[in-house]
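Going line by line, the protein sequences match chains U and A.
So the first sequence is numbered by our numbering: it starts at 1 and just counts up by one.
So the second sequence is numbered by our numbering: it starts at 1 and just counts up by one.
Some clues are possibly wrong.
One copy or any two copies: either way a pair holds, since identical chains are not told apart in the list.
[Said to hold, decoys possible] Derived EDC-like pairs (lysine to aspartate or glutamate); straight-line CA-CA distance at most 16 Å:
{"no.": "1", "residue 1": "Lys-160", "residue 2": "Asp-127"}
{"no.": "2", "residue 1": "Lys-51", "residue 2": "Glu-10"}
{"no.": "3", "residue 1": "Lys-36", "residue 2": "Glu-123"}
{"no.": "4", "residue 1": "Lys-204", "residue 2": "Glu-15"}
{"no.": "5", "residue 1": "Lys-160", "residue 2": "Glu-43"}
{"no.": "6", "residue 1": "Lys-18", "residue 2": "Glu-139"}
{"no.": "7", "residue 1": "Lys-204", "residue 2": "Glu-69"}
{"no.": "8", "residue 1": "Lys-7", "residue 2": "Glu-69"}
{"no.": "9", "residue 1": "Lys-204", "residue 2": "Glu-123"}
Hints are computed from structural coordinates only; laboratory data are not their basis.
Computed from a predicted structure; not experimentally measured.
Protein chains: 2
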Amino acid sequence: MQTYPSKLLELAVNELAKLPGIGRKTALRMALHLLKRNLADVEALGTSVIKMRSEIIYCTECRNISDQELCAICANPRRDRSVICVVEDIRDVMAIENTGQYSGVYHVLGGIISPMNGIGPNELHIDTLINRLPGGVKEIILALPTTIEGDTTNFYLFRKFAGFNLVLTTIARGISIGDELEHTDEVTLGRSILNRTPYESVIKNK
Amino acid sequence: MQTYPSKLLELAVNELAKLPGIGRKTALRMALHLLKRNLADVEALGTSVIKMRSEIIYCTECRNISDQELCAICANPRRDRSVICVVEDIRDVMAIENTGQYSGVYHVLGGIISPMNGIGPNELHIDTLINRLPGGVKEIILALPTTIEGDTTNFYLFRKFAGFNLVLTTIARGISIGDELEHTDEVTLGRSILNRTPYESVIKNK
Numbered sequence: 001m002q003t004y005p006s007k008l009l010e011l012a013v014n015e016l017a018k019l020p021g022i023g024r025k026t027a028l029r030m031a032l033h034l035l036k037r038n039l040a041d042v043e044a045l046g047t048s049v050i051k052m053r054s055e056i057i058y059c060t061e062c063r064n065i066s067d068q069e070l071c072a073i074c075a076n077p078r079r080d081r082s083v084i085c086v087v088e089d090i091r092d093v094m095a096i097e098n099t100g101q102y103s104g105v106y107h108v109l110g111g112i113i114s115p116m117n118g119i120g121p122n123e124l125h126i127d128t129l130i131n132r133l134p135g136g137v138k139e140i141i142l143a144l145p146t147t148i149e150g151d152t153t154n155f156y157l158f159r160k161f162a163g164f165n166l167v168l169t170t171i172a173r174g175i176s177i178g179d180e181l182e183h184t185d186e187v188t189l190g191r192s193i194l195n196r197t198p199y200e201s202v203i204k205n206k
Numbered sequence: 001m002q003t004y005p006s007k008l009l010e011l012a013v014n015e016l017a018k019l020p021g022i023g024r025k026t027a028l029r030m031a032l033h034l035l036k037r038n039l040a041d042v043e044a045l046g047t048s049v050i051k052m053r054s055e056i057i058y059c060t061e062c063r064n065i066s067d068q069e070l071c072a073i074c075a076n077p078r079r080d081r082s083v084i085c086v087v088e089d090i091r092d093v094m095a096i097e098n099t100g101q102y103s104g105v106y107h108v109l110g111g112i113i114s115p116m117n118g119i120g121p122n123e124l125h126i127d128t129l130i131n132r133l134p135g136g137v138k139e140i141i142l143a144l145p146t147t148i149e150g151d152t153t154n155f156y157l158f159r160k161f162a163g164f165n166l167v168l169t170t171i172a173r174g175i176s177i178g179d180e181l182e183h184t185d186e187v188t189l190g191r192s193i194l195n196r197t198p199y200e201s202v203i204k205n206k
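Hey, can you work out the whole structure from these sequences and the hints?
Structure (structure tokens):
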């Protein structure tokens, strides 16, 4: 067991080591780095994480992280509110927004159904999604991971949506642009043949 | 450029990304992890780093990190104050202390001479080291890195020590215990032959 020359240092290392992917050695390197920085810089770090945790709110509509009651996407009148893209967490929203290809709105589940990790449907924002459906929603795009948990969640949602008059789609899975066929795994390649796209729509989207 | 759904999140990511070795993706993962933790946990992290930076002091004797004016090592009456081990930073103190093999005291330079990085002798705690010498110091152990910068610093100190009646040593460099000769680099192997150790002293130290 490492002994630290200072209780204050040890305490900071203990806290930093609780961050994901950070071991005690890295935490010590971070703490010593912070000791060399200005007090104002360290205060900026410390207060920014506390302020974020205490003041951030979640959009009442889509459960995205937000500074207001409605997030910037839900509050934007130019977004198509008849299409909802269902994602696992806010990183997926950020990734899709970065493409600039999507003009609908989102719904952040906050996770996926995973009995192994004790996450059932009640831990996710599914009820709030169902509540949004009567508001003129025409299409739901499922953009969850292609894992057993993702498939389970997709199927759970599929059954929940029964009775609503809407189109249910999933984002296209296939070979990445620029990838070669011989280096693609069989499952992806097989699915890309089964779910082949009419060439006309490819030209149109160019 | 990534757009964040919340200014508070963006600010926290910006600050976390200033930590050494942390890119923006990792910083975002950390921030989202913190959002899932209790407010009390996040406050513990934030305040621990601020408190460490603002309250930690450096031992007036050896410049080690400390909670008191004299660090625990310098304040310990059982430590041999006639032997000073000179190290680059406090991680070296912690590493040597962990061996349980050293009963002298330390002096933390706070770096090594590195003109490339704009670090000259005046940026290091060399004057405070020289001031300690008249207090009955008999031996200085140089435990700096075996780099050009380390060698430069060693030589600078060697000249500064001229006129003081003391033994100057460096920690032994050689083949790690358990390592095989054929896998050892030539410089280390060559030096381990030049600086060979009398067998009697090996038996004695067993």
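Quick rundown of the hints versus the structure:
1. Lys-160 to Asp-127: within (10 Å within a copy, 75 Å between copies)
2. Lys-51 to Glu-10: Intra 24 Å, inter 12 Å, cutoff 16 Å: inter-copy only.
3. Lys-36 to Glu-123: between (42 Å within a copy, 13 Å between copies)
4. Lys-204 to Glu-15: Answer is neither; intra-copy 53 Å and inter-copy 43 Å both fail.
5. Lys-160 to Glu-43: Neither way: Lys-160 and Glu-43 sit 47 Å apart in one copy and 39 Å across, limit 16 Å.
6. Lys-18 to Glu-139: neither (41 Å within a copy, 41 Å between copies)
7. Lys-204 to Glu-69: neither (38 Å within a copy, 74 Å between copies)
8. Lys-7 to Glu-69: For Lys-7 and Glu-69, only the inter-copy Cα distance (14 Å) is at most 16 Å; the intra-copy one is 41 Å.
9. Lys-204 to Glu-123: neither (41 Å within a copy, 64 Å between copies)
Checked against the numbered hints above, the structure violates hints 4, 5, 6, 7 and 9; every other hint is satisfied.
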